[in-house]
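J.: So the protein lines, in turn, are chains A and B. When we follow the numbering used here, the leftmost residue of the first sequence carries the number 1, and every step to the right adds one. When we follow the numbering used here, the leftmost residue of the second sequence carries the number 1, and every step to the right adds one.
Don't take every hint at face value.
No copy is singled out in the list; a pair is fine if it fits within one copy or between any two copies.
Said to hold, decoys possible - Straight-line alpha carbon distances no greater than 25 Å define the calculated PhoX-like cross-link-like pairs of lysine-lysine that follow: (1) K226 <-> K71; (2) K144 <-> K286; (3) K277 <-> K127; (4) K71 <-> K127; (5) K127 <-> K314; (6) K226 <-> K286.
Just so you know, these hints were derived from the structure itself, not from any lab. Note that the structure is a prediction, hence the values are computed from the model and not measured.
2 protein chains.
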Amino acid sequence: MTIFSMLYLPELREMLAESDSDGLREFCTALHPARTAEFMEGLTAAEAWQVLQYADPDTREEIFSYFEPDKQLEILQTQDRTEMAELVAELASDDRVDLLHEADDGLVAELLPLLPAEDRRDILRLKSYPEGVAGAVMTSDIAKLDEELQVREALNELTRQAEELETIYYLYVVDESDHLRGVVSTRQLLSAISRPETRLRELMESDLAVVNVMDDQEEVARKVAKFDLLAIPVVDDEFRLLGIITHDDVIDVMREEATEDAHLIAGVQPLDESYLKTPLLTLSRKRGMWLTILFITALFTAFALQHYEEDTQKFAWLVMFIPLVISAGGNTGTQSATLVITALARGDVKLNDWARVIRRELVMGLLLGGFLAMIGFAAAMVLNRRLISATVVASTLVLVVLAGTLIGSMLPLVFRRLGLDPALMSNPFVTGIIDIMGIVIYMNVAMALIVLTGEAAAVDAMNAD
Amino acid sequence: MTIFSMLYLPELREMLAESDSDGLREFCTALHPARTAEFMEGLTAAEAWQVLQYADPDTREEIFSYFEPDKQLEILQTQDRTEMAELVAELASDDRVDLLHEADDGLVAELLPLLPAEDRRDILRLKSYPEGVAGAVMTSDIAKLDEELQVREALNELTRQAEELETIYYLYVVDESDHLRGVVSTRQLLSAISRPETRLRELMESDLAVVNVMDDQEEVARKVAKFDLLAIPVVDDEFRLLGIITHDDVIDVMREEATEDAHLIAGVQPLDESYLKTPLLTLSRKRGMWLTILFITALFTAFALQHYEEDTQKFAWLVMFIPLVISAGGNTGTQSATLVITALARGDVKLNDWARVIRRELVMGLLLGGFLAMIGFAAAMVLNRRLISATVVASTLVLVVLAGTLIGSMLPLVFRRLGLDPALMSNPFVTGIIDIMGIVIYMNVAMALIVLTGEAAAVDAMNAD
Numbered sequence: 001m002t003i004f005s006m007l008y009l010p011e012l013r014e015m016l017a018e019s020d021s022d023g024l025r026e027f028c029t030a031l032h033p034a035r036t037a038e039f040m041e042g043l044t045a046a047e048a049w050q051v052l053q054y055a056d057p058d059t060r061e062e063i064f065s066y067f068e069p070d071k072q073l074e075i076l077q078t079q080d081r082t083e084m085a086e087l088v089a090e091l092a093s094d095d096r097v098d099l100l101h102e103a104d105d106g107l108v109a110e111l112l113p114l115l116p117a118e119d120r121r122d123i124l125r126l127k128s129y130p131e132g133v134a135g136a137v138m139t140s141d142i143a144k145l146d147e148e149l150q151v152r153e154a155l156n157e158l159t160r161q162a163e164e165l166e167t168i169y170y171l172y173v174v175d176e177s178d179h180l181r182g183v184v185s186t187r188q189l190l191s192a193i194s195r196p197e198t199r200l201r202e203l204m205e206s207d208l209a210v211v212n213v214m215d216d217q218e219e220v221a222r223k224v225a226k227f228d229l230l231a232i233p234v235v236d237d238e239f240r241l242l243g244i245i246t247h248d249d250v251i252d253v254m255r256e257e258a259t260e261d262a263h264l265i266a267g268v269q270p271l272d273e274s275y276l277k278t279p280l281l282t283l284s285r286k287r288g289m290w291l292t293i294l295f296i297t298a299l300f301t302a303f304a305l306q307h308y309e310e311d312t313q314k315f316a317w318l319v320m321f322i323p324l325v326i327s328a329g330g331n332t333g334t335q336s337a338t339l340v341i342t343a344l345a346r347g348d349v350k351l352n353d354w355a356r357v358i359r360r361e362l363v364m365g366l367l368l369g370g371f372l373a374m375i376g377f378a379a380a381m382v383l384n385r386r387l388i389s390a391t392v393v394a395s396t397l398v399l400v401v402l403a404g405t406l407i408g409s410m411l412p413l414v415f416r417r418l419g420l421d422p423a424l425m426s427n428p429f430v431t432g433i434i435d436i437m438g439i440v441i442y443m444n445v446a447m448a449l450i451v452l453t454g455e456a457a458a459v460d461a462m463n464a465d
Numbered sequence: 001m002t003i004f005s006m007l008y009l010p011e012l013r014e015m016l017a018e019s020d021s022d023g024l025r026e027f028c029t030a031l032h033p034a035r036t037a038e039f040m041e042g043l044t045a046a047e048a049w050q051v052l053q054y055a056d057p058d059t060r061e062e063i064f065s066y067f068e069p070d071k072q073l074e075i076l077q078t079q080d081r082t083e084m085a086e087l088v089a090e091l092a093s094d095d096r097v098d099l100l101h102e103a104d105d106g107l108v109a110e111l112l113p114l115l116p117a118e119d120r121r122d123i124l125r126l127k128s129y130p131e132g133v134a135g136a137v138m139t140s141d142i143a144k145l146d147e148e149l150q151v152r153e154a155l156n157e158l159t160r161q162a163e164e165l166e167t168i169y170y171l172y173v174v175d176e177s178d179h180l181r182g183v184v185s186t187r188q189l190l191s192a193i194s195r196p197e198t199r200l201r202e203l204m205e206s207d208l209a210v211v212n213v214m215d216d217q218e219e220v221a222r223k224v225a226k227f228d229l230l231a232i233p234v235v236d237d238e239f240r241l242l243g244i245i246t247h248d249d250v251i252d253v254m255r256e257e258a259t260e261d262a263h264l265i266a267g268v269q270p271l272d273e274s275y276l277k278t279p280l281l282t283l284s285r286k287r288g289m290w291l292t293i294l295f296i297t298a299l300f301t302a303f304a305l306q307h308y309e310e311d312t313q314k315f316a317w318l319v320m321f322i323p324l325v326i327s328a329g330g331n332t333g334t335q336s337a338t339l340v341i342t343a344l345a346r347g348d349v350k351l352n353d354w355a356r357v358i359r360r361e362l363v364m365g366l367l368l369g370g371f372l373a374m375i376g377f378a379a380a381m382v383l384n385r386r387l388i389s390a391t392v393v394a395s396t397l398v399l400v401v402l403a404g405t406l407i408g409s410m411l412p413l414v415f416r417r418l419g420l421d422p423a424l425m426s427n428p429f430v431t432g433i434i435d436i437m438g439i440v441i442y443m444n445v446a447m448a449l450i451v452l453t454g455e456a457a458a459v460d461a462m463n464a465d
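If we strip away everything but chain A, and leave its shape as in the complex, we get:
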């Protein structure tokens, strides 16, 4: 709630108390509905509904559609059933399905019989699509026009429907059995106004981007972005027009997907509700699952270190640098994996670019590893003051960072090749694999250099004293 809308709240309540109909009607129409809704954030569900009584049905529905989902649900569940049925009938077809999806089944069962038969059928059809597919996002309020219509008739039809439709900027042209034949934009229609007899058939664009009703919503967003569309038609397997998905729904889908990806990369199963509203047990399940997988992967580091216990006992300084070399490899691996994952998602890298990716990451690993090795060498000299430890740390860093770049960049490509989502799988696995490899590389480099420099003999001699 903005400070401004909080300041306005007492005034709004006063108008309600005094039933100031002029003031309230003015309030409902003066601003963009999104902003009116914002000003009403502090009101209770009952108060908000009372205010909306002063708006005409269209404006009422618009303001209502900008309320937070929680408030919408509360109004729906607490206010008069008949009024609610009227409101639901007015809502855009995709919005009302979302709303009824959240409501109790009992309430839905009470409301449905109060709706006009056509709306009822529409709701039941849209509700039947699983979450995340085109059918669940689309709206069925569309301007469908017959291909034989003339420009003049089409404009009249459009003018008649302009108030009711969610978008009037594309007119979809269908044949007598609702098969999608083409699209005419309002722009084209207006440009053809001087030739009013032209038939839509002659004007329409017949090569058009469509999505299937069962396509994933991510695919929908990709296509709309690629073709710069205001809306994309949704068809069934027989190419019958079922609905459209508009640009604002695409933006919502993109925001949702971006959040989901961020959560997956951090090892959290995507949430159905917002962070604060997700029940703690659900949240702990969604986090615990990935934490357990990562924990079990990390257990292998304990096995690896147990294997080298004798060495770490003999050369105590080895222990000090374990977290340092592991984390350098993990960080580099995460960088490479994320770069390749995002490049794959944007289409900048294809599967058959793997050789180029390897070459680049090889150079990158040597450059970055070399640089960190210099800092590591200096740090080890300061900490341990012995050439052997500084040499071990520096050599290990080059190899571990190189392993990080190579594994980090290849794993997403492997996952993509296997048909798995690279975003979902890569980061936890990259870190897990690099942690273990880091320990193995570190201990082997250390023992090799120690033997080579005669350090081992020296320590043995010392212990024998």
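Fit chain B to the given chain A structure using the hints.
T.: Just chain B now, kept in the frame of chain A:
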């Protein structure tokens, strides 16, 4: 390149060789320009430009605008200067600024004098805005109408301009000095067709969402998404209308921002070009910077472990579990940080929700920590077969995971409070802090339990033998 467009390539080349003008004209107009551009992906710049000669100027410009940026640039740099000036004059004002931004300064200097004075001024003005602000994304091709115009005149004006404008779905109403007064949608205009004398002043929406020309592009995307707009007007400090940003540009901005955020979270400075095109030295600088910061943070773990060297020498089994406990804390911290960062970005969590967040993460830390402690206990019993090590590992896990949830959730809120970008700062710091805390907690818990159980005395006695 899709397989389909590769298959079509020989046919296209044959048509070019035979100068088959009917075929090529058909090719240029039959499909959506985006798809035509896709079919031409395999052609060289010279061939592509040759094909475009068969399209009328409008279609040529449209197909060209769907080419990959690289191919656009190559055509611009290799083809005839006069033809290129004509093409640039046709392009949408935001697209051509992007294109000229990539081109050599020498080429731009040659092209500019060939352009009409108005286009030249427009380009120079748009080029002057820094990357990432509204001014750099906006287009200046807008329908500006005087507030005194009548519906009939407005429709005529619209029909006249329909072919040239980037979007005709909003008409911006301005006063005589270009100050933005309101907006009329084509839909409203069509609905008012029966009252042709109505003035735009009476029809227009005067409460409208705008962005300032220097606003960040992320803010633009947020507003367009919030108000479900097709386009948002861009104004200067005096509220003069400078341009608009359309829904397709907003989708591009959102995709760009999502990639940038993913890179930042993985510790890579955002790239200006795609992964494969970024020069290796630039990439190593953008990665090396963060790797160095993270490496220096990780150095503190070495200092911490040096401090406990005597203890890890005496109790060798302690070493084995160091990476395990650190990684459990780091993973939990990353989860909490990402959840809070995304919730902050979406507005689901506000700064003053901090107490609720702490309470939730406290419970979450105990639940998750308790669960991992059970697995850890079992694993330690298998690995080390001693009650003391299993108890130390389990107790440490509870505390480290708790530290992870608390630090991970609070740090983004602290960064937001200080006015820093939580996405940018949190993850590296969370991991860095938790790594060190993990070691400190682990060693202190271990030594406390060892002393408590008399384990220390037993080991001392053994060594004294």
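J.: Now tell me, hint by hint, if it's right for this structure.
T.: Results of checking the hints against the structure:
{"no.": "1", "hint": "K226 <-> K71", "in the structure": "between (35 Å within a copy, 17 Å between copies)"}
{"no.": "2", "hint": "K144 <-> K286", "in the structure": "neither (43 Å within a copy, 52 Å between copies)"}
{"no.": "3", "hint": "K277 <-> K127", "in the structure": "within (23 Å within a copy, 45 Å between copies)"}
{"no.": "4", "hint": "K71 <-> K127", "in the structure": "within (21 Å within a copy, 45 Å between copies)"}
{"no.": "5", "hint": "K127 <-> K314", "in the structure": "neither (67 Å within a copy, 65 Å between copies)"}
{"no.": "6", "hint": "K226 <-> K286", "in the structure": "neither (33 Å within a copy, 29 Å between copies)"}
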